[in-house]
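Engineer: Each chain, letter by letter, is given below.
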Amino acid sequence: MGTGKWVGVFAALNIRSKLFWIIIAILALALIPFYLGDFLVVFVTEMLIMALFAISLNLLFGYTGLLSFGHAAYFSVGAYTTGLFLLRVSPSLPLAFLLAIILATLSAWIIGFFCVRLDEIYFAMLTLAFGMMVHTILWKWDSLTGGADGLVGIPRPILNFFGLKIGLSSITNYYYFTLIIVGICIFILWVIVNSPFGLILKSIRENHERVEFVGISMRRYRLFSFAISGCFCGVAGALFAPFEMSIAPDIAFWTKSAEPVFMSLLGGMRIFVGPAVGAAIYMYLKEIISGYTELWMIYLGAVLIGFVIFLPGGIVGFIHRKLYAVGEETP
Amino acid sequence: MDRVMFFFFFLNGLTSAMTLFIIASGLTLIFGVLGILNLAHGSLFMLGAYFAFQFTYWLGSFWWALIIAPLVCAGVGIILERFLLRPVYGIHITFQLLLTFGIILLVTDIVRFFWGVAYYTVSEPEMLMGALPMLGAGYPRYNLFVILMGILVGLAIWFLLTKTKVGKMVRAASSDKEVANGLGINVPQLYAVVFAFGAFLAGLAGVLAAPLRSIMLELDVHTIIEAFAVVVIGGLGSIPGALLGSLLLGQLNAFGIFYFSRFEMAFMYVLMAIILIIRPRGLFGEEVA
Chain A
1 MGTGKWVGVF
11 AALNIRSKLF
21 WIIIAILALA
31 LIPFYLGDFL
41 VVFVTEMLIM
51 ALFAISLNLL
61 FGYTGLLSFG
71 HAAYFSVGAY
81 TTGLFLLRVS
91 PSLPLAFLLA
101 IILATLSAWI
111 IGFFCVRLDE
121 IYFAMLTLAF
131 GMMVHTILWK
141 WDSLTGGADG
151 LVGIPRPILN
161 FFGLKIGLSS
171 ITNYYYFTLI
181 IVGICIFILW
191 VIVNSPFGLI
201 LKSIRENHER
211 VEFVGISMRR
221 YRLFSFAISG
231 CFCGVAGALF
241 APFEMSIAPD
251 IAFWTKSAEP
261 VFMSLLGGMR
271 IFVGPAVGAA
281 IYMYLKEIIS
291 GYTELWMIYL
301 GAVLIGFVIF
311 LPGGIVGFIH
321 RKLYAVGEET
331 P
Chain B
1 MDRVMFFFFF
11 LNGLTSAMTL
21 FIIASGLTLI
31 FGVLGILNLA
41 HGSLFMLGAY
51 FAFQFTYWLG
61 SFWWALIIAP
71 LVCAGVGIIL
81 ERFLLRPVYG
91 IHITFQLLLT
101 FGIILLVTDI
111 VRFFWGVAYY
121 TVSEPEMLMG
131 ALPMLGAGYP
141 RYNLFVILMG
151 ILVGLAIWFL
161 LTKTKVGKMV
171 RAASSDKEVA
181 NGLGINVPQL
191 YAVVFAFGAF
201 LAGLAGVLAA
211 PLRSIMLELD
221 VHTIIEAFAV
231 VVIGGLGSIP
241 GALLGSLLLG
251 QLNAFGIFYF
261 SRFEMAFMYV
271 LMAIILIIRP
281 RGLFGEEVA
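Protein chains in written order, with the numbering used here: chain A, 1 to 331; chain B, 1 to 289.
Hints are supplied without guarantee of correctness; some may be wrong.
As the list claims (entries may be wrong) - Cβ-Cβ distance ranges computed for the label pairs, FRET-style: (1) B:Ile-67 / A:Ile-309: 31 to 37 Å; (2) A:Tyr-284 / B:Phe-7: 54 to 60 Å; (3) B:Gly-116 / A:Gly-306: 22 to 28 Å; (4) B:Arg-279 / A:Trp-141: 28 to 34 Å; (5) A:Leu-27 / B:Ile-257: 53 to 59 Å; (6) A:Thr-293 / B:Ile-147: 38 to 44 Å; (7) B:Arg-279 / A:Arg-210: 23 to 29 Å; (8) B:Met-129 / A:Leu-106: 19 to 25 Å; (9) A:Trp-141 / B:Leu-160: 44 to 50 Å.
As the list claims (entries may be wrong) - To give an idea of the chain A side of the interface with chain B (calculated C-beta under 7 Å), a few residues: (10) Leu-67; (11) Ile-102; (12) Met-133; (13) Lys-140; (14) Leu-144; (15) Thr-255; (16) Ala-258; (17) Leu-295; (18) Leu-304; (19) Ile-305; (20) Val-308.
Stated by the list, open to error - Residues from chain B shown here face chain A by an in silico Cβ test under 10 Å; the list is partial: (21) Leu-84; (22) Leu-183; (23) Ile-185; (24) Val-187; (25) Val-270; (26) Met-272.
Since the hints were made in silico from the structure, they are not lab data.
Note that beta-carbon positions come from the ideal geometry of N, C-alpha and C, so glycine has one too.
All chains should be built: construct the whole structure from the sequences, respecting the hints.
Structural biologist: Right, here's the structure in full:
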């Protein structure tokens, strides 16, 4: 092995390289159960699930330029499908996840079919209406969903991984399971946004009329984006149900849909990992502030307002600009 | 259902339609003129309901609350417009939505700070208690009062918009902001007036609704959804649309509870979705080709 290659590796590992940060993040996350107590492992697990939720939503929000106020619907379709399957059908996690992904994608596809025809506020309103429909169904269909009480006692079953049986009831094991699933999903999403398909989405965001002049069907690509984003929100929901072990219809209420949007904005909607960082900051703020005072929402509200007015590029966007000294992108 | 019952259900629908109309007309007016879809409009409604409780408690009379509470809400509206909305008029509509979502969080916790998480009730004023004999039965006087107030507010808005100078300026600004500015209309000031008026209407609806339901947190996020449904059905920015939308939803609420009690709420969203899909600008909205 020549020295040139090693120089290349070291050059890649400086503070400005993405690879450096990815390796640090993976190491830090993989070692978390060794240096944090169970309580914090629970916290980080939820953070990972919310990070996936936010990154999936951001495919539509940040990359395609469509603000959805109804993505809690696909999150809860994923969560309820997994919960119901594990409770009533079979304690097989892979089958439950498969079904959850199929149903979340299908519902996002059907709802998206109607929504992608509209723009801006009308799009936001229609996603809101559909999201609240899902909420009403989950809330009122007592015999299936348990009504206002929701599903209680969702098991964390034993995972049969090619003959290797892994019990997920301990939070450490469930943490690693979540980390691997979230990691795979985020990797797939990363490939998607960096593919030609991702470029088309970005150009739709920037100017959808020009995109149509080139002969690309804007609606079709928006619909793909909508369905993919719904699919991964479904995965996040599927992870959430056995994690919480009980779920209620309020996870489908419209204010829940606003949370991942908030996270994306906090971290930076124009940067791939922005929403994940935003999710971490959001959860951390919520945890810290609610430790001191009941009134944590007032601080979150103030942070949100401050970001909209002063820092619409988000925190990662801000650091990114400082590190790379690129021109300011205003949304 | 016999005829008298049917009529009373219709009146129930009219009562809820009138509070909805008062909320939604403010929301739609703000959208029409300022171009901001104010998610925090429900928060102003909730504030109105809490103020109704507080002023009735302090001053011993619902009537004082009915006068003072909407004015305080208008004051809150002026502060919100001046310090939070004014900096963001130029930015993308998505961010304006998020900003008003931030205001929801703020107001919720301010209310929680002052009033806690308990439920409150306000009783109707003495002269409106009990039922008015009607068709061999009785119908609550207070509901009839709310219907009357709704009609009065509707007439007042119509008068203000069509017969006064400010109203003409508002209509000019809502159809073309730049031309209005060029004609010497002080647009920023007009924005403040319109937002304050919208907040006043939201507060008024809050006071009127207070004796009809329990006052609690989460009133904001539930109310705003109904108000959105109304303005979307009627057409964003259209006052006649808001009237039609609220009359429709009011009757849907009243008879929905009777005929399909389980999925009554879902019908509202289905109606909202259908309108958005087939006629995005609503029944009374201008079609933008």
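Engineer: Each hint should be assessed against the structure and marked as holding or not.
Structural biologist: Tested hints:
1. B:Ile-67 / A:Ile-309: 31 to 37 Å: holds, 34 Å
2. A:Tyr-284 / B:Phe-7: 54 to 60 Å: holds, 57 Å
3. B:Gly-116 / A:Gly-306: 22 to 28 Å: holds, 27 Å
4. B:Arg-279 / A:Trp-141: 28 to 34 Å: holds, 30 Å
5. A:Leu-27 / B:Ile-257: 53 to 59 Å: holds, 58 Å
6. A:Thr-293 / B:Ile-147: 38 to 44 Å: Given a distance of about 43 Å, which is inside 38 to 44 Å, the answer is holds.
7. B:Arg-279 / A:Arg-210: 23 to 29 Å: With a Cβ separation near 27 Å, Arg-279 (chain B) and Arg-210 (chain A) satisfy 23 to 29 Å, so the hint holds.
8. B:Met-129 / A:Leu-106: 19 to 25 Å: violated, 54 Å
9. A:Trp-141 / B:Leu-160: 44 to 50 Å: Given about 45 Å between the Cβ atoms, the range holds.
10. Leu-67: Constraint on Leu-67 (chain A) satisfied, holds at 5 Å.
11. Ile-102: violated, 23 Å
12. Met-133: Hint on Met-133 (chain A): holds, closest Cβ of chain B at ~4 Å, below 7 Å.
13. Lys-140: Where the cut-off is 7 Å and the nearest Cβ of chain B is about 5 Å from Lys-140 (chain A), the hint holds.
14. Leu-144: violated, 12 Å
15. Thr-255: Cβ of Thr-255 (chain A) sits 6 Å from chain B, so the hint holds.
16. Ala-258: holds, 5 Å
17. Leu-295: holds, 4 Å
18. Leu-304: holds, 4 Å
19. Ile-305: holds, 4 Å
20. Val-308: Where the cut-off is 7 Å and the nearest Cβ of chain B is about 4 Å from Val-308 (chain A), the hint holds.
21. Leu-84: holds, 6 Å
22. Leu-183: Leu-183 (chain B) check fails; min Cβ-Cβ to chain A is 27 Å, beyond 10 Å.
23. Ile-185: violated, 25 Å
24. Val-187: Nearest chain A Cβ about 20 Å off; hint violated.
25. Val-270: holds, 7 Å
26. Met-272: Status holds, d = 4 Å.
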